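The residues making up each chain are set out below.
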Amino acid sequence: MRIMATEVLKAEKLVKVFTGAARQQVLYDVSLSVDRGQFVTIMGKSGCGKSTLLYLLSTLDTDYEGKVTIMGREVTGLDEEELAKFRCEHIGFVFQFHYLLPEFTALENVMLPALKLGRWDRADVERRAMDKLRQMEMDGFARQPSGKLSGGQQQRVAIARALINEPDLILADEPTGNLDSANTEKVIGIFRELAQQGNTIIVVTHDRDLAERADRIVELADGKIVG
Amino acid sequence: MKLPVNLSIARVHLLSRKKQTLIATLGVTFGIAMFIFMISFMTGVNNVISDILLSVTPDIHFYNDVKTDYGNSVTSQYFREDDGKWIIVRHPRPRAILLNLKNAPGIVAGMRRMPGVAVVSPLISVQVLFNYGPVQLGVIADGVDIREEDRLFGLTAKMVNGRPEDLLTTANGILIGRKLAAKLNVVTGDLVTATASSGAQMRFRVAGIFEFGLSQVDEGKVYVSLQDLQQLLGKDRDYITDMRIKLKDNQQAHSLAQMLARKYGYRADDWETTNASIKAGNRIRNTLTYVVSFTMLVVAGFGIYNIMNMVILGKMKDIAILKAQGFDRRDVTTIFLSQSLVTGVTGGLAGLLLGFLLSYGLSTLPFPHDDFMLIKTYPVTFETRHYLLGAGFGLLTTLAAGWLPARRAAKVDPVAILRA
Numbered sequence: 001m002r003i004m005a006t007e008v009l010k011a012e013k014l015v016k017v018f019t020g021a022a023r024q025q026v027l028y029d030v031s032l033s034v035d036r037g038q039f040v041t042i043m044g045k046s047g048c049g050k051s052t053l054l055y056l057l058s059t060l061d062t063d064y065e066g067k068v069t070i071m072g073r074e075v076t077g078l079d080e081e082e083l084a085k086f087r088c089e090h091i092g093f094v095f096q097f098h099y100l101l102p103e104f105t106a107l108e109n110v111m112l113p114a115l116k117l118g119r120w121d122r123a124d125v126e127r128r129a130m131d132k133l134r135q136m137e138m139d140g141f142a143r144q145p146s147g148k149l150s151g152g153q154q155q156r157v158a159i160a161r162a163l164i165n166e167p168d169l170i171l172a173d174e175p176t177g178n179l180d181s182a183n184t185e186k187v188i189g190i191f192r193e194l195a196q197q198g199n200t201i202i203v204v205t206h207d208r209d210l211a212e213r214a215d216r217i218v219e220l221a222d223g224k225i226v227g
Numbered sequence: 001m002k003l004p005v006n007l008s009i010a011r012v013h014l015l016s017r018k019k020q021t022l023i024a025t026l027g028v029t030f031g032i033a034m035f036i037f038m039i040s041f042m043t044g045v046n047n048v049i050s051d052i053l054l055s056v057t058p059d060i061h062f063y064n065d066v067k068t069d070y071g072n073s074v075t076s077q078y079f080r081e082d083d084g085k086w087i088i089v090r091h092p093r094p095r096a097i098l099l100n101l102k103n104a105p106g107i108v109a110g111m112r113r114m115p116g117v118a119v120v121s122p123l124i125s126v127q128v129l130f131n132y133g134p135v136q137l138g139v140i141a142d143g144v145d146i147r148e149e150d151r152l153f154g155l156t157a158k159m160v161n162g163r164p165e166d167l168l169t170t171a172n173g174i175l176i177g178r179k180l181a182a183k184l185n186v187v188t189g190d191l192v193t194a195t196a197s198s199g200a201q202m203r204f205r206v207a208g209i210f211e212f213g214l215s216q217v218d219e220g221k222v223y224v225s226l227q228d229l230q231q232l233l234g235k236d237r238d239y240i241t242d243m244r245i246k247l248k249d250n251q252q253a254h255s256l257a258q259m260l261a262r263k264y265g266y267r268a269d270d271w272e273t274t275n276a277s278i279k280a281g282n283r284i285r286n287t288l289t290y291v292v293s294f295t296m297l298v299v300a301g302f303g304i305y306n307i308m309n310m311v312i313l314g315k316m317k318d319i320a321i322l323k324a325q326g327f328d329r330r331d332v333t334t335i336f337l338s339q340s341l342v343t344g345v346t347g348g349l350a351g352l353l354l355g356f357l358l359s360y361g362l363s364t365l366p367f368p369h370d371d372f373m374l375i376k377t378y379p380v381t382f383e384t385r386h387y388l389l390g391a392g393f394g395l396l397t398t399l400a401a402g403w404l405p406a407r408r409a410a411k412v413d414p415v416a417i418l419r420a
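Listed in order, the protein sequences are those of chains A and B. So the first sequence is numbered by this note's numbering: it starts at 1 and just counts up by one. So the second sequence is numbered by this note's numbering: it starts at 1 and just counts up by one.
Please note that a few of the clues may not be correct.
List of simulated lysine-lysine pairs, DSS-like, C-alpha gap at most 27 Å [claimed, not checked]:
#	chain 1	residue 1	chain 2	residue 2
1	A	Lys85	B	Lys317
2	A	Lys85	B	Lys411
3	B	Lys85	A	Lys148
4	B	Lys246	A	Lys148
5	A	Lys148	B	Lys317
Each pair of labels, with its calculated beta carbon distance range [to be verified]:
#	chain 1	residue 1	chain 2	residue 2	range
6	A	Arg119	B	Ser16	21 to 29 Å
7	B	Ser16	A	Lys85	23 to 31 Å
8	B	Val299	A	Ala123	58 to 66 Å
9	B	Thr295	A	Asp222	58 to 66 Å
10	A	Lys45	B	Val299	50 to 58 Å
11	B	Ser16	A	Thr19	36 to 44 Å
12	A	Arg213	B	Val299	53 to 61 Å
13	B	Ser16	A	Glu12	54 to 62 Å
14	A	Lys85	B	Leu349	32 to 40 Å
Covered by chain B, according to a simulated footprint, are these stretches of chain A (three or more residues, beta-carbon under 8 Å) [said to hold, decoys possible]:
#	region
15	53 to 65
16	82 to 88
17	114 to 123
Treat the hints as calculated values from the structure; they're not laboratory data. Predicted, not measured: the structure shown is a model, and the values here were computed from it. Beta carbons are placed, not taken as given, at the ideal position from N, Cα and C, and that holds for glycine.
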């Protein structure tokens, strides 16, 4: 289908060692390449290092060996401030526990990253945020405090928030892990739809249903890619 | 209101915990208010005390400080002193010497020509006794040129009865303090008898009654004319023991006093030396004020620190999520430090206002009447300087109190929080 596949993310020989009370290596020379428009799921048993890998790829965790390149830019070794700016521009996050800011309305939660980015003026940001909420069928709840929404609703707001800055890469950590089956179905549908719209998505999950809807499944076991 | 994104987050945070915000704000408010209140009152007290004491202290007091010279003794005339012989005199007695300033008229004329000198009042100051029935009252009698003394201390304004000039028109006139008049049970026109240490007596007619507001003066001092006192003491017309000098600028007193002492060979005390106790008292009161106010501000600061710390503990996830979305350390610091600052500035302004109102209230409160002081209400000053100082202190405390929690928030590692 794709003639020219542009590489969005490239990870080379990632090694992660936790040095706490006991030294524990969780990733062994993990290399991964994700092209534009790909919907990739990373699967594996809990403790296999899949979440750890996601946080390395997300630039939040900087304590590792190897090299991560996103959109052609090597992010390994950038300082905190540059990384924050980079995340704001290029990466959208969805977490297992939706993590909305409870004092803010759904709309404000979606708007915050865009206000931080400062690419559009406030009115524009608000319009875009409403668009994203509409896409998630959450526009009816825009003015409600996010703390008052149900888990499924919050997760959809969180996805809208991840999309607001038109990121090149969407990362999700167990996005359905905390949802009932009806909401899980909805969220899986949303990711599928986002993938079809050309978004590049990496999802960490142990939900087979979700994984099977992806373009590609990366199996991780004991810190190594096995399939 | 369109605030930058960090500040609008701060605003939402502050408004979402109104009660805590209010408590933190009130802490600062009371701290600053008490600072303003205390310093205004203390400064007022200091000023009143200084005013009263300085109203009876000349800028420079010039007098013959009798130093007993035991260096040579008449004994050497009787025992021939040579090598190997020591003469030891136990309990030597000083020679009878005159306490007066020699060539007083010349010195007065010389001083009056000096630039910087406003008034020179030559006088004799001696201890005399007043008899009232069986009671003898020891009083300092100043024989003065009353016009000069009036220019020096503004006597006219301090007369309860009569005028200073009445001393000149009344034969053997005397001006006495209000409390002494009450003790002697005399009013203007009555006669009083003064006894000098030599035993000489003289009757004076009360020409006026003054009140300085300082009991040691009001019951321990009388004014008579220079000539009358010279007569009572049996001295000649040039007999002067002291001079009081008023300067155009009393800050020059110290250097000028030293100069006068060197030039004439007599002792000259400036007002600062004479009133060292006022300065010490002022300093103690000021120190106390600053210590107490500072403590209160620190307590208010701890309030902010505590609340911000708790807020940040409760917002760890929010901080992690903000960071994941591209907010950096500086943004997080701004978000939380601005909350402390808003608390501090709001509380501080309210504190300045409350402090002013408290001070104003106190300044209208009647002071319990006491013969000691001549003030009708509590002494309070209103100085812009104090308000600026209070505002500065408040801002500094809140900055310090807010900085630590904000920095802690900025250091939050999002991975540790999000994965937990």
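field: Violated hints, by number in ascending order, as checked against the structure
entry: 3, 4, 8 and 13
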